[in-house]
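Enquirer: Build the full structure now, drawing on both the sequences and the hints.
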Amino acid sequence: MTLFVFFAVLAAAAMHASWNALVKVHLDRFLSITLMTLGMGTVALLVLPFVEFPKAEVWPYILASVVFHMGYRTFLIGAYKAGDFAQTYPLARGTAPLLAALGGMVVVAEVPTPLAILGIVLLSAGTLVLSFRGGAHLEKLTRAVGFALGTSIFIASYTLSDGSGARLAATAASYAAWLFVCDALWALVLCLIFRGLPALPLLARDWKAGAFTGVLSGAAYWIVMWAMTKAPIASVASLRETSILFAMMISVFALGEKMTGWRGAAALSIVAGVVALRLG
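In this note's numbering, the protein residues as written are 5 to 284.
Hints in this document: simulated from the structure, not taken from any laboratory.
There may be inaccurate statements among the hints.
Capping the alpha-carbon separation at 30 Å, the derived lysine-lysine pairs in DSS-like fashion look like this [claimed, not checked]: (1) K59 / K234; (2) K212 / K85; (3) K262 / K85.
Computed spacing ranges between beta-carbons, pair by pair [said to hold, decoys possible]: (4) T175 / L7: 32 to 38 Å; (5) A174 / W211: 45 to 51 Å; (6) F257 / A174: 39 to 45 Å; (7) L67 / T264: 21 to 27 Å; (8) F8 / T264: 20 to 26 Å; (9) L49 / I197: 17 to 23 Å; (10) V193 / F11: 33 to 39 Å; (11) F57 / T264: 30 to 36 Å; (12) V256 / P64: 39 to 45 Å; (13) M263 / L189: 38 to 44 Å; (14) P64 / R209: 35 to 41 Å; (15) M263 / E61: 44 to 50 Å.
From a predicted model like this one, the values you see are computed outputs, not experimental measurements.
Here a beta-carbon is modelled for each residue, glycine too, at the ideal position from N, C-alpha and C.
Expert: Here it is in C-alpha coordinates:
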(Lines of atoms letter the chains of each structure in order from A and count residues from 1; the text may use other names and numbers.)
(Lines give C-alpha, C1' and ligand atoms only; values in the text may rest on other atoms or scores of the structure.)
Protein backbone atom coordinates (compact mmCIF):
# COMPACT_ATOMS: atom_id res chain seq x y z
CA MET A 1 0.00 0.00 0.00
CA THR A 2 1.54 3.28 -1.11
CA LEU A 3 1.58 6.32 1.16
CA PHE A 4 -1.00 8.10 -1.04
CA VAL A 5 -3.45 5.18 -0.90
CA PHE A 6 -2.83 4.87 2.85
CA PHE A 7 -3.80 8.48 3.57
CA ALA A 8 -6.68 8.36 1.07
CA VAL A 9 -8.27 5.47 2.99
CA LEU A 10 -7.69 7.28 6.29
CA ALA A 11 -9.46 10.32 4.81
CA ALA A 12 -12.35 8.07 3.74
CA ALA A 13 -12.56 6.69 7.28
CA ALA A 14 -12.69 10.22 8.70
CA MET A 15 -15.45 11.14 6.24
CA HIS A 16 -17.41 8.03 7.21
CA ALA A 17 -17.17 8.90 10.90
CA SER A 18 -18.05 12.55 10.25
CA TRP A 19 -21.34 12.00 8.45
CA ASN A 20 -22.35 9.40 11.05
CA ALA A 21 -21.67 11.91 13.84
CA LEU A 22 -23.07 15.06 12.24
CA VAL A 23 -26.21 14.11 10.35
CA LYS A 24 -29.48 14.51 12.26
CA VAL A 25 -32.81 13.53 10.72
CA HIS A 26 -36.30 13.03 12.13
CA LEU A 27 -36.73 9.57 10.63
CA ASP A 28 -36.63 6.04 11.98
CA ARG A 29 -33.58 3.94 11.20
CA PHE A 30 -35.09 2.23 8.16
CA LEU A 31 -36.09 5.50 6.51
CA SER A 32 -32.86 7.20 7.58
CA ILE A 33 -30.71 4.52 5.91
CA THR A 34 -33.01 4.58 2.87
CA LEU A 35 -32.59 8.36 2.63
CA MET A 36 -28.81 8.05 2.74
CA THR A 37 -28.85 5.39 0.02
CA LEU A 38 -31.11 7.53 -2.17
CA GLY A 39 -28.76 10.45 -1.65
CA MET A 40 -25.80 8.37 -2.82
CA GLY A 41 -27.76 7.19 -5.84
CA THR A 42 -28.88 10.68 -6.80
CA VAL A 43 -25.32 12.04 -6.71
CA ALA A 44 -24.09 9.02 -8.66
CA LEU A 45 -26.83 9.56 -11.26
CA LEU A 46 -25.20 12.89 -12.11
CA VAL A 47 -21.90 11.09 -12.69
CA LEU A 48 -23.22 8.36 -15.03
CA PRO A 49 -22.80 10.38 -18.29
CA PHE A 50 -19.09 10.73 -17.53
CA VAL A 51 -18.22 7.08 -16.77
CA GLU A 52 -18.22 3.94 -18.88
CA PHE A 53 -21.08 1.42 -18.87
CA PRO A 54 -19.90 -1.70 -17.00
CA LYS A 55 -18.86 -4.75 -19.00
CA ALA A 56 -20.98 -7.89 -18.80
CA GLU A 57 -18.56 -9.61 -16.42
CA VAL A 58 -18.81 -6.71 -13.96
CA TRP A 59 -22.60 -6.82 -13.51
CA PRO A 60 -22.71 -9.99 -11.35
CA TYR A 61 -20.51 -8.21 -8.80
CA ILE A 62 -22.73 -5.11 -8.83
CA LEU A 63 -25.90 -7.16 -8.40
CA ALA A 64 -24.31 -9.31 -5.69
CA SER A 65 -23.19 -6.17 -3.88
CA VAL A 66 -26.74 -4.75 -3.99
CA VAL A 67 -27.98 -7.93 -2.29
CA PHE A 68 -25.15 -7.83 0.28
CA HIS A 69 -25.81 -4.17 1.05
CA MET A 70 -29.50 -4.96 1.54
CA GLY A 71 -28.55 -7.69 4.02
CA TYR A 72 -26.08 -5.33 5.72
CA ARG A 73 -28.71 -2.64 6.25
CA THR A 74 -31.32 -5.16 7.43
CA PHE A 75 -29.03 -6.73 10.02
CA LEU A 76 -27.64 -3.35 11.10
CA ILE A 77 -31.15 -2.07 11.84
CA GLY A 78 -31.82 -5.30 13.76
CA ALA A 79 -28.63 -4.82 15.77
CA TYR A 80 -29.61 -1.25 16.67
CA LYS A 81 -33.02 -2.40 17.85
CA ALA A 82 -31.61 -5.25 19.94
CA GLY A 83 -28.60 -3.53 21.51
CA ASP A 84 -26.79 -0.29 22.20
CA PHE A 85 -25.52 1.52 19.08
CA ALA A 86 -22.15 2.33 20.69
CA GLN A 87 -21.52 -1.35 21.28
CA THR A 88 -23.15 -3.21 18.39
CA TYR A 89 -21.71 -0.95 15.66
CA PRO A 90 -18.04 -1.45 16.69
CA LEU A 91 -18.67 -5.19 17.07
CA ALA A 92 -19.99 -5.38 13.50
CA ARG A 93 -17.17 -3.27 12.08
CA GLY A 94 -14.46 -4.92 14.17
CA THR A 95 -15.05 -8.49 13.03
CA ALA A 96 -15.56 -7.60 9.35
CA PRO A 97 -11.83 -7.07 8.53
CA LEU A 98 -10.95 -10.50 9.89
CA LEU A 99 -13.67 -12.09 7.76
CA ALA A 100 -12.57 -10.05 4.73
CA ALA A 101 -8.98 -11.19 5.22
CA LEU A 102 -10.03 -14.85 5.40
CA GLY A 103 -12.35 -14.44 2.44
CA GLY A 104 -9.66 -12.63 0.46
CA MET A 105 -7.35 -15.60 0.79
CA VAL A 106 -10.00 -17.79 -0.82
CA VAL A 107 -11.76 -15.45 -3.27
CA VAL A 108 -8.89 -13.37 -4.65
CA ALA A 109 -5.91 -15.44 -3.42
CA GLU A 110 -4.43 -12.53 -1.45
CA VAL A 111 -2.37 -13.58 1.56
CA PRO A 112 -1.39 -10.60 3.76
CA THR A 113 2.16 -10.32 5.03
CA PRO A 114 2.74 -11.32 8.68
CA LEU A 115 2.99 -7.63 9.68
CA ALA A 116 -0.23 -6.82 7.80
CA ILE A 117 -1.98 -9.71 9.57
CA LEU A 118 -0.79 -8.28 12.89
CA GLY A 119 -2.21 -4.90 11.88
CA ILE A 120 -5.57 -6.44 10.95
CA VAL A 121 -5.75 -8.26 14.29
CA LEU A 122 -4.80 -5.14 16.29
CA LEU A 123 -7.35 -3.00 14.45
CA SER A 124 -10.10 -5.56 14.98
CA ALA A 125 -9.12 -5.99 18.63
CA GLY A 126 -9.30 -2.24 19.19
CA THR A 127 -12.79 -1.94 17.73
CA LEU A 128 -13.95 -4.98 19.68
CA VAL A 129 -12.66 -3.44 22.93
CA LEU A 130 -14.92 -0.46 22.22
CA SER A 131 -17.84 -2.87 21.88
CA PHE A 132 -17.41 -4.28 25.37
CA ARG A 133 -16.58 -1.09 27.26
CA GLY A 134 -18.89 -0.11 30.15
CA GLY A 135 -22.65 0.16 29.79
CA ALA A 136 -24.76 -2.90 29.19
CA HIS A 137 -22.98 -6.23 29.00
CA LEU A 138 -23.15 -7.02 25.33
CA GLU A 139 -22.03 -10.62 25.86
CA LYS A 140 -25.41 -11.23 27.53
CA LEU A 141 -27.38 -9.76 24.64
CA THR A 142 -27.45 -12.79 22.37
CA ARG A 143 -29.84 -11.26 19.86
CA ALA A 144 -27.75 -8.09 19.51
CA VAL A 145 -24.56 -10.10 19.08
CA GLY A 146 -26.21 -12.28 16.44
CA PHE A 147 -27.36 -9.29 14.41
CA ALA A 148 -23.99 -7.55 14.79
CA LEU A 149 -22.05 -10.61 13.62
CA GLY A 150 -24.51 -11.08 10.76
CA THR A 151 -23.84 -7.46 9.80
CA SER A 152 -20.10 -8.14 9.77
CA ILE A 153 -20.60 -11.08 7.39
CA PHE A 154 -22.43 -8.84 4.93
CA ILE A 155 -19.77 -6.13 5.29
CA ALA A 156 -17.05 -8.64 4.44
CA SER A 157 -19.15 -9.98 1.57
CA TYR A 158 -19.78 -6.65 -0.15
CA THR A 159 -16.16 -5.64 0.49
CA LEU A 160 -14.86 -8.66 -1.40
CA SER A 161 -17.51 -8.31 -4.12
CA ASP A 162 -16.81 -4.61 -4.65
CA GLY A 163 -13.05 -5.03 -4.51
CA SER A 164 -13.18 -7.73 -7.17
CA GLY A 165 -15.75 -5.89 -9.30
CA ALA A 166 -13.88 -2.58 -9.20
CA ARG A 167 -10.74 -4.36 -10.41
CA LEU A 168 -12.64 -5.78 -13.39
CA ALA A 169 -14.38 -2.51 -14.26
CA ALA A 170 -12.90 0.14 -16.53
CA THR A 171 -12.49 2.42 -13.52
CA ALA A 172 -13.44 2.35 -9.86
CA ALA A 173 -15.58 5.45 -10.51
CA SER A 174 -17.59 3.60 -13.15
CA TYR A 175 -18.20 0.65 -10.83
CA ALA A 176 -19.10 2.90 -7.87
CA ALA A 177 -21.50 5.11 -9.82
CA TRP A 178 -23.50 2.21 -11.28
CA LEU A 179 -23.49 0.37 -7.95
CA PHE A 180 -24.83 3.40 -6.08
CA VAL A 181 -27.60 3.97 -8.64
CA CYS A 182 -28.69 0.31 -8.63
CA ASP A 183 -28.55 0.17 -4.83
CA ALA A 184 -30.67 3.33 -4.57
CA LEU A 185 -33.30 1.99 -6.98
CA TRP A 186 -33.60 -1.24 -5.01
CA ALA A 187 -33.73 0.67 -1.70
CA LEU A 188 -36.60 2.78 -3.09
CA VAL A 189 -38.49 -0.34 -4.20
CA LEU A 190 -38.11 -1.91 -0.75
CA CYS A 191 -39.19 1.32 0.91
CA LEU A 192 -42.38 1.43 -1.16
CA ILE A 193 -43.05 -2.26 -0.45
CA PHE A 194 -42.63 -1.98 3.33
CA ARG A 195 -43.73 1.61 4.00
CA GLY A 196 -45.85 2.52 0.98
CA LEU A 197 -46.38 5.92 -0.65
CA PRO A 198 -46.75 7.78 2.70
CA ALA A 199 -42.98 7.34 3.19
CA LEU A 200 -42.15 9.56 0.21
CA PRO A 201 -43.19 12.88 1.81
CA LEU A 202 -41.21 11.97 4.92
CA LEU A 203 -38.09 11.32 2.83
CA ALA A 204 -38.63 14.52 0.83
CA ARG A 205 -38.84 16.56 4.04
CA ASP A 206 -35.24 15.65 4.95
CA TRP A 207 -33.78 15.72 1.43
CA LYS A 208 -30.94 18.02 2.53
CA ALA A 209 -29.75 15.43 5.03
CA GLY A 210 -29.97 12.78 2.32
CA ALA A 211 -27.88 14.88 -0.07
CA PHE A 212 -25.31 15.58 2.64
CA THR A 213 -24.94 11.97 3.73
CA GLY A 214 -25.06 10.81 0.12
CA VAL A 215 -22.10 12.96 -0.89
CA LEU A 216 -19.97 12.08 2.13
CA SER A 217 -20.77 8.36 2.29
CA GLY A 218 -20.57 7.95 -1.49
CA ALA A 219 -17.23 9.72 -1.73
CA ALA A 220 -15.85 7.77 1.22
CA TYR A 221 -16.81 4.39 -0.22
CA TRP A 222 -15.66 5.34 -3.73
CA ILE A 223 -12.21 6.05 -2.26
CA VAL A 224 -12.26 2.63 -0.58
CA MET A 225 -13.21 0.85 -3.83
CA TRP A 226 -10.51 2.76 -5.72
CA ALA A 227 -7.99 1.84 -3.01
CA MET A 228 -8.89 -1.86 -3.35
CA THR A 229 -7.75 -1.67 -6.99
CA LYS A 230 -4.36 -0.43 -5.80
CA ALA A 231 -3.75 -2.42 -2.61
CA PRO A 232 -4.76 -5.73 -0.94
CA ILE A 233 -8.48 -5.84 -0.15
CA ALA A 234 -8.00 -7.06 3.44
CA SER A 235 -5.57 -4.24 4.28
CA VAL A 236 -7.86 -1.57 2.83
CA ALA A 237 -10.90 -3.04 4.60
CA SER A 238 -9.06 -3.03 7.92
CA LEU A 239 -7.69 0.49 7.53
CA ARG A 240 -11.20 1.68 6.70
CA GLU A 241 -12.33 0.64 10.16
CA THR A 242 -10.25 3.43 11.69
CA SER A 243 -13.55 5.30 11.24
CA ILE A 244 -14.30 3.91 14.71
CA LEU A 245 -11.25 5.77 16.06
CA PHE A 246 -12.28 9.00 14.33
CA ALA A 247 -15.81 8.60 15.71
CA MET A 248 -14.39 8.16 19.20
CA MET A 249 -12.25 11.30 18.79
CA ILE A 250 -15.31 13.27 17.65
CA SER A 251 -17.32 12.05 20.63
CA VAL A 252 -14.55 13.03 23.07
CA PHE A 253 -13.37 16.35 21.64
CA ALA A 254 -16.56 17.62 19.99
CA LEU A 255 -19.33 16.07 22.06
CA GLY A 256 -17.60 16.18 25.46
CA GLU A 257 -17.73 12.46 26.26
CA LYS A 258 -15.15 11.04 28.67
CA MET A 259 -11.95 9.29 27.59
CA THR A 260 -12.17 6.12 29.67
CA GLY A 261 -9.53 3.46 30.17
CA TRP A 262 -11.40 1.19 27.75
CA ARG A 263 -11.34 3.88 25.08
CA GLY A 264 -7.66 4.61 25.65
CA ALA A 265 -6.72 0.94 25.29
CA ALA A 266 -8.85 0.62 22.16
CA ALA A 267 -7.28 3.73 20.62
CA LEU A 268 -3.76 2.46 21.26
CA SER A 269 -4.61 -0.90 19.70
CA ILE A 270 -6.12 0.74 16.61
CA VAL A 271 -3.16 3.11 16.18
CA ALA A 272 -0.73 0.19 16.54
CA GLY A 273 -2.73 -1.68 13.92
CA VAL A 274 -2.55 1.30 11.55
CA VAL A 275 1.24 1.48 11.97
CA ALA A 276 1.61 -2.26 11.37
CA LEU A 277 -0.53 -2.07 8.23
CA ARG A 278 1.56 0.80 6.88
CA LEU A 279 4.83 -1.01 7.56
CA GLY A 280 3.42 -4.27 6.21
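Enquirer: Does each hint fit the structure? Answer for all of them.
Expert: Quick rundown of the hints versus the structure:
| no. | hint | in the structure |
| --- | --- | --- |
| 1 | K59 / K234 | holds (20 Å) |
| 2 | K212 / K85 | holds (26 Å) |
| 3 | K262 / K85 | holds (25 Å) |
| 4 | T175 / L7: 32 to 38 Å | violated (22 Å) |
| 5 | A174 / W211: 45 to 51 Å | violated (31 Å) |
| 6 | F257 / A174: 39 to 45 Å | holds (41 Å) |
| 7 | L67 / T264: 21 to 27 Å | violated (43 Å) |
| 8 | F8 / T264: 20 to 26 Å | violated (35 Å) |
| 9 | L49 / I197: 17 to 23 Å | holds (22 Å) |
| 10 | V193 / F11: 33 to 39 Å | holds (38 Å) |
| 11 | F57 / T264: 30 to 36 Å | violated (51 Å) |
| 12 | V256 / P64: 39 to 45 Å | holds (43 Å) |
| 13 | M263 / L189: 38 to 44 Å | holds (43 Å) |
| 14 | P64 / R209: 35 to 41 Å | holds (37 Å) |
| 15 | M263 / E61: 44 to 50 Å | holds (49 Å) |
When each numbered hint is compared with the structure, violations occur for hints 4, 5, 7, 8 and 11.
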